[in-house]
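Q: Per this note's numbering, the sequence shown starts with residue 1, numbered consecutively.
Heads up, a few of these hints could be off.
As the list claims (entries may be wrong) - Beta-carbon label-pair distances, calculated as ranges: (1) Ala16 with Ser39: 28 to 38 Å; (2) Val19 with Ala47: 34 to 44 Å; (3) Gly88 with Phe46: 37 to 47 Å; (4) Ser2 with Ser74: 41 to 51 Å; (5) Ser2 with Ala43: 17 to 27 Å; (6) Arg10 with Phe72: 16 to 26 Å; (7) Ala57 with Val19: 45 to 55 Å; (8) Ser2 with Leu51: 55 to 65 Å; (9) Val44 with Ala5: 43 to 53 Å.
Hints are computed from structural coordinates only; laboratory data are not their basis.
Every residue gets a Cβ at the ideal spot worked out from N, C-alpha and C, and that includes glycine.
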Amino acid sequence: MSSIAYARIRNNPQFAQLVAARGRFAWFLSAIVFIVFFSFVLAVAFAPDFLAQRPFASSNITIGILAGLFQFISFWLLTLMYVRRANGEFDDLNKAIIDAASREDK
């Protein structure tokens with residue numbers, strides 16, 4: 001693409017919408033990751049006895065292990081949420097922006 005086409009893309013209001021929506025969503029997911037991760041770190045630092053408790057009497061699994069598994073599962077689910085939205089809404093907006101720029105080229 002030429003620099004003129006890039007300028008058209010940058011000036012397209014849909015491009016600003018795409019950048020804003022993607023940024024908001026990324027910051028939202030980042031905040032969730034931050035909260036989940038540092039909650040676990042704080043629990044390890046200030047409540048190790050709580051994390052060492054066994055929720056099931058005859059099991060070797062502790063609350064800490066379950067909390068760690070919860071982290072992995074939640075991070076995978078957040079990644080899935082981002083990929084689904086990126087492959088849907090964000091890709092659709094991206095295609096519309098590129099189509100509009102290429103129509104103006106002709």
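Q: In ascending order, which of the hints set out earlier in this document are inconsistent with the structure?
A: 5 and 6
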